[in-house]
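Asker: So for the sequence shown, the working numbering puts the first residue at 19; every next one is plus one.
Think of the hints as simulated: they come from the structure by calculation, not from any bench. Only true hints are included.
Derived DSBU-like pairs: lysine-lysine, alpha-carbon spacing no greater than 35 Å straight-line:
| hint | residue 1 | residue 2 |
| --- | --- | --- |
| 1 | Lys103 | Lys131 |
| 2 | Lys131 | Lys51 |
| 3 | Lys51 | Lys103 |
| 4 | Lys51 | Lys29 |
| 5 | Lys103 | Lys74 |
| 6 | Lys29 | Lys74 |
| 7 | Lys51 | Lys74 |
Pair ranges (Cβ atoms, derived):
| hint | residue 1 | residue 2 | range |
| --- | --- | --- | --- |
| 8 | Glu23 | Leu116 | 32 to 38 Å |
| 9 | Ser69 | Ser119 | 24 to 30 Å |
| 10 | Leu71 | Ala124 | 21 to 27 Å |
Backbone N, C-alpha and C fix where the C-beta goes; we use that ideal spot for every residue, glycine too.
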Amino acid sequence: MLKTERYPHLKVTDPEVYELIYRQAAYEGSTLKMIASENYASFSVLEATGSSLTNKYCEGYPGARYYEGNAVCDEIENLAINRLKALFGAEHANVQPLSGSPANSAVYRAIMKPGE
Numbered sequence: 019m020l021k022t023e024r025y026p027h028l029k030v031t032d033p034e035v036y037e038l039i040y041r042q043a044a045y046e047g048s049t050l051k052m053i054a055s056e057n058y059a060s061f062s063v064l065e066a067t068g069s070s071l072t073n074k075y076c077e078g079y080p081g082a083r084y085y086e087g088n089a090v091c092d093e094i095e096n097l098a099i100n101r102l103k104a105l106f107g108a109e110h111a112n113v114q115p116l117s118g119s120p121a122n123s124a125v126y127r128a129i130m131k132p133g134e
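Let the hints inform the model, and build the full structure from the sequences given.
Answerer: Here is the structure:
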């Protein structure tokens, strides 16, 4: 990854933080983390999480949120639910993690064998 390809606004407004983020990205590009909560996100995921959606707090479920202005969040969550149901042939799906620990456990159980 070239330094000039990502975060052009940050590079101008805060070059020190930009440099630190670049160093972290370089580190991640040379290692493999086996902790689900520290897994590396794809560039597509980084772009989505760095979008205006990061300004939203979408507590609750689609159509039953606790805060206003979540129509787009509802659409995104419903899209994820429908994709997950189609992938696994399921009637129901919940894409909201309870917390980091159960998310870690789910990944460990999915990829590891007993005793590892």
